[in-house]
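Taken in sequence, the protein lines are chains A, B, C and D.
For the first sequence, our numbering gives the first residue as 1, with consecutive numbering after it.
For the second sequence, our numbering gives the first residue as 190, with consecutive numbering after it.
For the third sequence, our numbering gives the first residue as 379, with consecutive numbering after it.
For the fourth sequence, our numbering gives the first residue as 568, with consecutive numbering after it.
Treat the hints as calculated values from the structure; they're not laboratory data.
Among the hints, a few may not be true.
If the Cβ cut is set under 7 angstroms, some of the chain B residues that face chain A in the computed set are [claimed, not checked]:
hint, residue
1, T208
2, V211
3, P230
4, L233
5, L237
6, F239
7, N247
8, I316
9, G320
10, D322
Just so it is clear, CB atoms sit at the ideal spot from N, CA and C, and this is done for glycine as well.
4 protein chains.
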Amino acid sequence: MTKGRIEAFSDGVIAIIITIMVLELKVPHEADLAALQHLLPVFLAYVLSFLNVGIYWNNHHHMFHSVKHVGGWVLWANLHLLFWLSLMPFATGFMEESGFLSMPVALYAFVLLMCAISYTLLTFALIAEHGRDSDFARALGSDAKGKASLAAYAAAVPLAYVNVWVSLALVLTVAVIWVVPDRRFARPA
Amino acid sequence: MTKGRIEAFSDGVIAIIITIMVLELKVPHEADLAALQHLLPVFLAYVLSFLNVGIYWNNHHHMFHSVKHVGGWVLWANLHLLFWLSLMPFATGFMEESGFLSMPVALYAFVLLMCAISYTLLTFALIAEHGRDSDFARALGSDAKGKASLAAYAAAVPLAYVNVWVSLALVLTVAVIWVVPDRRFARPA
Amino acid sequence: MTKGRIEAFSDGVIAIIITIMVLELKVPHEADLAALQHLLPVFLAYVLSFLNVGIYWNNHHHMFHSVKHVGGWVLWANLHLLFWLSLMPFATGFMEESGFLSMPVALYAFVLLMCAISYTLLTFALIAEHGRDSDFARALGSDAKGKASLAAYAAAVPLAYVNVWVSLALVLTVAVIWVVPDRRFARPA
Amino acid sequence: MTKGRIEAFSDGVIAIIITIMVLELKVPHEADLAALQHLLPVFLAYVLSFLNVGIYWNNHHHMFHSVKHVGGWVLWANLHLLFWLSLMPFATGFMEESGFLSMPVALYAFVLLMCAISYTLLTFALIAEHGRDSDFARALGSDAKGKASLAAYAAAVPLAYVNVWVSLALVLTVAVIWVVPDRRFARPA
Numbered sequence: 001m002t003k004g005r006i007e008a009f010s011d012g013v014i015a016i017i018i019t020i021m022v023l024e025l026k027v028p029h030e031a032d033l034a035a036l037q038h039l040l041p042v043f044l045a046y047v048l049s050f051l052n053v054g055i056y057w058n059n060h061h062h063m064f065h066s067v068k069h070v071g072g073w074v075l076w077a078n079l080h081l082l083f084w085l086s087l088m089p090f091a092t093g094f095m096e097e098s099g100f101l102s103m104p105v106a107l108y109a110f111v112l113l114m115c116a117i118s119y120t121l122l123t124f125a126l127i128a129e130h131g132r133d134s135d136f137a138r139a140l141g142s143d144a145k146g147k148a149s150l151a152a153y154a155a156a157v158p159l160a161y162v163n164v165w166v167s168l169a170l171v172l173t174v175a176v177i178w179v180v181p182d183r184r185f186a187r188p189a
Numbered sequence: 190m191t192k193g194r195i196e197a198f199s200d201g202v203i204a205i206i207i208t209i210m211v212l213e214l215k216v217p218h219e220a221d222l223a224a225l226q227h228l229l230p231v232f233l234a235y236v237l238s239f240l241n242v243g244i245y246w247n248n249h250h251h252m253f254h255s256v257k258h259v260g261g262w263v264l265w266a267n268l269h270l271l272f273w274l275s276l277m278p279f280a281t282g283f284m285e286e287s288g289f290l291s292m293p294v295a296l297y298a299f300v301l302l303m304c305a306i307s308y309t310l311l312t313f314a315l316i317a318e319h320g321r322d323s324d325f326a327r328a329l330g331s332d333a334k335g336k337a338s339l340a341a342y343a344a345a346v347p348l349a350y351v352n353v354w355v356s357l358a359l360v361l362t363v364a365v366i367w368v369v370p371d372r373r374f375a376r377p378a
Numbered sequence: 379m380t381k382g383r384i385e386a387f388s389d390g391v392i393a394i395i396i397t398i399m400v401l402e403l404k405v406p407h408e409a410d411l412a413a414l415q416h417l418l419p420v421f422l423a424y425v426l427s428f429l430n431v432g433i434y435w436n437n438h439h440h441m442f443h444s445v446k447h448v449g450g451w452v453l454w455a456n457l458h459l460l461f462w463l464s465l466m467p468f469a470t471g472f473m474e475e476s477g478f479l480s481m482p483v484a485l486y487a488f489v490l491l492m493c494a495i496s497y498t499l500l501t502f503a504l505i506a507e508h509g510r511d512s513d514f515a516r517a518l519g520s521d522a523k524g525k526a527s528l529a530a531y532a533a534a535v536p537l538a539y540v541n542v543w544v545s546l547a548l549v550l551t552v553a554v555i556w557v558v559p560d561r562r563f564a565r566p567a
Numbered sequence: 568m569t570k571g572r573i574e575a576f577s578d579g580v581i582a583i584i585i586t587i588m589v590l591e592l593k594v595p596h597e598a599d600l601a602a603l604q605h606l607l608p609v610f611l612a613y614v615l616s617f618l619n620v621g622i623y624w625n626n627h628h629h630m631f632h633s634v635k636h637v638g639g640w641v642l643w644a645n646l647h648l649l650f651w652l653s654l655m656p657f658a659t660g661f662m663e664e665s666g667f668l669s670m671p672v673a674l675y676a677f678v679l680l681m682c683a684i685s686y687t688l689l690t691f692a693l694i695a696e697h698g699r700d701s702d703f704a705r706a707l708g709s710d711a712k713g714k715a716s717l718a719a720y721a722a723a724v725p726l727a728y729v730n731v732w733v734s735l736a737l738v739l740t741v742a743v744i745w746v747v748p749d750r751r752f753a754r755p756a
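Using the sequences and the hints given, assemble the complete structure.
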């Protein structure tokens with residue numbers, strides 16, 4: 001099975017997800033700076049979500065670069081990841097419309113947690129496809145960064161009920177550590 | 190004729206269809222659990238439709254993997270399939286907004302039936318293109334799973350007027366049997 | 379210059395245009411047959427526009443199959459075509475919301491006329507690129523079907539002020555003659 | 568690292584950006600010429616933004632044609648460009664809904680300025696990747712056109728507070744000089 005089409009379909013879905021989030025930035029009826037200031041939290045939530053979805057595209061791109069073949073379960077694991085990513089516009093919109101209340105921030109962190117879990121399941125499906133001794137499995141290694149992200153998102157969900165800004169700071173921290181390209185796959189194995 | 194571009198265009202259209210369905214998940218104005226509970230049926234309908242459209246992409250991907258060349262009628266048969274798939278967001282939205290009343294559930298099953306019929310017509314166009322003795326025709330075989338799906342959808346339409354949950358259970362059953370990748374095309378012929 | 383990316387971008391834009399038109403099919407608040415009957419003209423306008431945009435994708439696909447190289451003006455001529463195609467959702471929505479009044483039907487025919495003109499300009503740019511004696515120019519031939527379409531659309535604009543159904547019948551006739559694949563490019567030159 | 572997927576993802580995002588801008592062209596409730604006249608400024612703003620986004624796609628296409636390999640920072644620089652381009656539909660909608668008041672026009676010019684800055688950063692990332700003595704760096708040359716555009720956009724932002732039409736004329740002038748394809752990359756190096 002060729003991997004080209006699974007990449008193309010994922011690119012299409014992620015491109016749409018990352019772009020429709022901007023529709024939440026609704027055109028204000030007043031044309032003064034106060035209207036823009038009012039939009040600032042919506043804009044910052046958009047930046048955070050654009051960054052997170054961009055990171056998934058980036059890691060997906062790096063990981064599939066090392067993929068040799070894709071079997072049936074890889075297709076479903078990939079679709080499962082796209083499903084949770086597709087909830088990002090809703091979670092972002094809910095968080096910003098509520099003015100960053102606890103429950104919507106917890107839901108936002110939960111959707112990110114599910115994205116991270118489904119991404120991990122995708123790596124499992126790819127390792128099962130390639131074998132534990134494959135170049136792919138070696139390139140993935142212990143996936144310490146992936147495990148740390150899972151733990152951080154799992155902590156960010158309940159933390160939203162303590163302090164939403166601590167929860168969002170944790171989410172932002174995870175994003176920042178991922179902006180550095182994943183050298184495991186970027187380097188030729 | 191190369192098949193690359195028909196795959197790319199189908200990927201684009203299906204990616205958009207699967208993603209714009211999430212726009213029906215409208216951000217609630219209240220940020221409490223009751224608001225989320227209210228969204229639960231909308232969410233479940235989204236999951237069901239995401240799964241169904243995902244199955245079509247998956248089967249399309251597997252089938253075109255065995256396709257050698259595409260002629261004029263294949264392009265139109267493919268566009269016909271995309272047309273019915275493009276009605277999925279409307280059918281899903283109508284079903285969930287009505288609170289799962291008989292007529293909208295019947296319409297949902299009808300759109301799925303038309304998708305299945307147009308997919309079958311696409312296989313006919315591809316068999317006509319490749320010949321009855323081709324590897325493609327052999328790989329397709331008797332298409333028992335496809336025929337069973339057609340029968341199930343045809344039954345789900347009137348059943349919606351008897352009991353919508355029985356009708357939806359039938360639709361879900363068809364989805365579950367398709368999640369197993371189509372081994373006919375996944376296997377090298 | 380490779381033609382792959384101009385095809386990919388056109389596929390993306392056309393895929394979005396053909397899909398966002400379905401957003402005009404707004405979910406009715408009543409779940410009875412009267413609500414569906416009310417949607418029938420909107421649905422028929424969607425079918426007509428889906429068919430027309432599908433025809434452009436199809437012809438674009440066939441024509442670019444014979445294209446050997448693309449220069450600067452081809453990119454702009456292609457973007458010009460995509461611009462007019464991007465007005466199809468607006469023109470379709472305007473026509474159906476007005477209940478098929480003269481002016482919106484004339485505007486719909488005008489947008490189709492501009493699409494046909496910009497498609498013709500694209501063929502000119504491609505002939506200039508390949509040369510009048512090229513295989514591409516020979517495959518295009520006299521383009522009688524293209525010229526007839528231009529004339530029909532040009533007639534459909536004023537005809538909308540006489541009788542909208544005659545105007546729309548003309549538009550539909552042009553669509554039907556294009557559903558037959560363009561054998562000039564489909565055949566190996 | 569292959570460049571194919573970064574091109575495909577960029578094509579997808581730009582295709583969506585250029586197409587969702589047309590959603591601002593809202594279907595009028597009256598079907599007379601006055602309703603169309605009312606839409607004229609919205610239409611002209613759409614044309615200007617379509618042209619600008621089209622220019623970015625065009626230049627992106629030409630530049631990546633000369634790219635040999637892409638490293639980690641190129642992916643982020645590209646995502647940064649896509650982020651600012653994704654604000655074009657909002658900036659266009661804000662400008663036209665305000666009836667071309669100073670602040671929204673200044674914001675429109677500012678978003679274009681940020682697109683130009685992020686495009687310049689992308690060229691820097693690509694030069695760092697290929698080396699100052701590479702064919703790529705030689706093809707880019709002094710980038711006088713890019714620098715002039717940056718200066719023009721930087722001037723257009725404050726000018727919007729003096730006279731919005733002068734500011735928009737400057738933006739339009741930059742667009743016109745870019746419609747001529749970038750011969751540096753179009754020519755084989």
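Hints versus structure:
no.: 1; hint: T208; in the structure: holds, 4 angstroms
no.: 2; hint: V211; in the structure: holds, 5 angstroms
no.: 3; hint: P230; in the structure: violated, 15 angstroms
no.: 4; hint: L233; in the structure: violated, 13 angstroms
no.: 5; hint: L237; in the structure: violated, 12 angstroms
no.: 6; hint: F239; in the structure: holds, 6 angstroms
no.: 7; hint: N247; in the structure: holds, 6 angstroms
no.: 8; hint: I316; in the structure: violated, 21 angstroms
no.: 9; hint: G320; in the structure: violated, 24 angstroms
no.: 10; hint: D322; in the structure: violated, 25 angstroms
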